[in-house]
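Undergrad: The primary structure of each chain is shown beneath.
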Amino acid sequence: MTTTKSRVVYTPSFTDGAEFRIPTFKVLKQDGSLYKGAKAPALDKDKALRIYRTMVTTRILDERMLAAQRQGRLSFYMQCTGEEAAVIGSAAALDDADMIMAQYREQGALAYRGFTIDEFMNQLFGNELDYGKGRQMPVHYGSKKLNYMTISSPLATQIPQATGYAYGQKLAGEGNCTITYFGEGAASEGDFHAALNMAAVQRVPVIFLCRNNGYAISTPAAEQFAADGVAPRAYGYKMDVIRVDGNDVLAMYEATKAARSLAVEHNRPVLIEAMSYRLAAHSSSDDPSGYRSKDEEAVWREKDPILRMRLWLERKKWWSEDDEKQLQETMRREVLETMKRAQKRPPPPLETLVTDVYDEVPPALAEQFEKLKAHIRRYPDAYPKSAEHAKGGA
Amino acid sequence: MTQMNMLQAINNALDTAMAADERVLCFGEDVGVFGGVFRATSNLQQKYGKARCFNTPLVEQGIIGFANGLAAQGSVPVAEIQFADYIFPAFDQIVNESAKYRYRSGDLFNVGGLTIRAPYGGGIAGGLYHSQSPEAYFAHTPGLKIVVPRNPHQAKGLLLAAIHDPNPVLFFEPKRLYRASVGEVPDEEYRLPLGEAEVLKEGTDVTVLGWGAQMEVIEQAVDMAEKDGISCEVIDLRTILPWDVETVANSVLKTGRLVVTHEAPLTGGFAGEIAATIQERCFLYLESPIARVTGMDTPFPLVLEKEHLPNHLKVFEAIRSSVDF
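Heads up: the sequence lines are chains A and B, in that order. For the first sequence, counting from 1, position 315 maps to 306 in our numbering; every step adds exactly one. Throughout, our numbering is defined as the position within the second sequence, counted from one, plus 771.
It should be emphasised that the hints constitute simulated quantities derived from the structure, not laboratory data. One or more of the hints may lead you astray.
Calculated cross-link-like contacts (lysine-lysine; reagent style DSBU-like; alpha-carbon spacing at most 35 Å) [what the hints assert, rightly or not]:
1. Lys1085/B with Lys998/B
2. Lys1025/B with Lys364/A
3. Lys229/A with Lys818/B
Which chain A residues stay away from chain B? Per the calculated CB distances, all over 12 Å, these [what the hints assert, rightly or not]:
4. Ala58
5. Leu298
6. Pro375
7. Ala378
If you want the footprint, here are the derived chain B segments under chain A, 3+ residues with CB under 8 Å [to be verified]:
8. 839 to 852
9. 883 to 892
10. 978 to 988
11. 1070 to 1081
These numbers were taken from a predicted model, which means no experiment stands behind them. Using N, Cα and C, we set each Cβ at its ideal position, and we do this for glycine too.
Can you make the complete structure from the sequences, with help from the hints?
TA: This is how it looks when you write it as structure tokens:
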């Protein structure tokens, strides 16, 4: 049975889809004023300031932690710099009970939900208070209470999982959805296509948020796909799609709010393509000077999403120079103090090496663990992190 | 008790699980109204509705990704991969995601509700791509459980245990037994333990170990050996991961000899893991080298399938050589 309802032609007729040019939704100009015909979303002062403070906090956290990595205090770091509006503007449009399944550059969404600086630091330093028990590299955050799925390094695996998670939410009937974030590079993975197709077929309440930040490590978007971005793929799955200026926090908020209502109220999955730019390196292990120009970066620095929102807030008299100064100072101090605290905490206990592989430690693994402890007891100086923990047991 | 073949027992297990808990969902390619290409999910959509038993698009990585998300959300997905030979597009989702969900999140999240069912093994003239036994790839992945049933009674009890186990389970169904293996199956719900091998027959001269469809092969080989006066202890491993070292080691301490058989190729097969562990445990008690009777190190053939497979004659020969060493 064919599902095509197309008209019939009698000479070969090809199309490359060029007629489907997808526009970009914008609300806020770089000077903080609104585009003609654009309308600011219904954002009260408290919420607007919560968004703004989270953006600034994320920027400061990223700057300080990259510096900490450069000083050798941290093994690895990834910044959200330049993409704060895309991430936090969209997260702010959700319900707190909605699930977030992110890639790895969306710490702003987690910060918006209320993850504390202490919680960030505990993960970054993999200390005994890290929820992930020191098992994953820095920036692989997760929070059960904040409905933020623990980050997994393999790209795009979270996308079909988001479809499945949202299907479960639909069956549960509690009016929630899942948002999943990924980059335009990850959208080349098979998991992306599987996820969108399955979501469209099953009418699942899920929002696919593609951060098109121009680069997958060093590979520019032009070498990632021939099409006009990622958005046109939605047509192929019969899915609602919108392209948004990712540096425009008001547009991101408004678009995600509308997407959420399509997803939750009408069981229509949505693809959002947020057009932005990864102002920082891919990670602390990357150096963009090898593949892009300073001039190109400068153009995007001019489009800073945080400054854009600040100018809007100042126009509304919701924010002042003094407020800015105070926030900057407070956050810098807090980041520094919590970093010192987290760094001093001991590592997770040795047994976390073998717990949580299964719900219970299987006998063969328990045996391996006892052997390891006996070995560490013989060479305590070689294992300063665990020599103390290895003292117990047979 | 009802007389059932293995497919009916599996269908009955799924029916039992879906009736008991509305969070249990069955899905995969052709699983819906058609009931699966082997009919393991027959009538489940008709009985429980399209929301709980449904067809998926033809995309294994999507099926398992979707299932991982559902399990993380708290549902109890039973995902079908149409043939174990086609599980590899989902390898990443199984090995990097299902297996590591609990560990990497520090137990904040898990996909313990997940069960993946797949028809498996050869002997049905399926050639390269409808015959493979890929358990060893997955046995190298801590965090997974791997189960293979040998008959209808085992299939129902182990599948129900897999569905309720708080860890992701790969449930490989020896498809040559689907209709060939028939037996009495309790009508009510029951669960057989995971991680426990079963001693099917006690003996003193040699331990013969296998799982799934190989247990029938072992039975025939052992019949021949016993006629020659060799007393065989027969063990069905049942769970490949984590496997029951104690039961196997205790048996070999008693018999001093071990023959392991599986359909998958020799090199890197799970018999190698068993042999290594058992020689560590039982070194001074071994009377002969541990023997592996397996498929050859080739892709799975078609016309020469019989030559390739570790049949009862090959197992019998290995038992003889082990005892005569």
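Undergrad: Confirm or reject each hint.
TA: Do the hints match the structure? See the list:
1. Lys1085/B with Lys998/B: 16 Å, holds
2. Lys1025/B with Lys364/A: 31 Å, holds
3. Lys229/A with Lys818/B: 30 Å, holds
4. Ala58: Correct as stated: the minimum Cβ-Cβ distance to chain B is 27 Å, above 12 Å.
5. Leu298: The claim stands: Leu298/A keeps its Cβ more than 12 Å from every Cβ of chain B (closest is about 36 Å).
6. Pro375: 22 Å, holds
7. Ala378: Ala378/A clear of chain B: closest Cβ-Cβ about 23 Å, beyond 12 Å.
8. 839 to 852: holds (count 9)
9. 883 to 892: violated (count 1)
10. 978 to 988: violated (count 0)
11. 1070 to 1081: violated (count 0)
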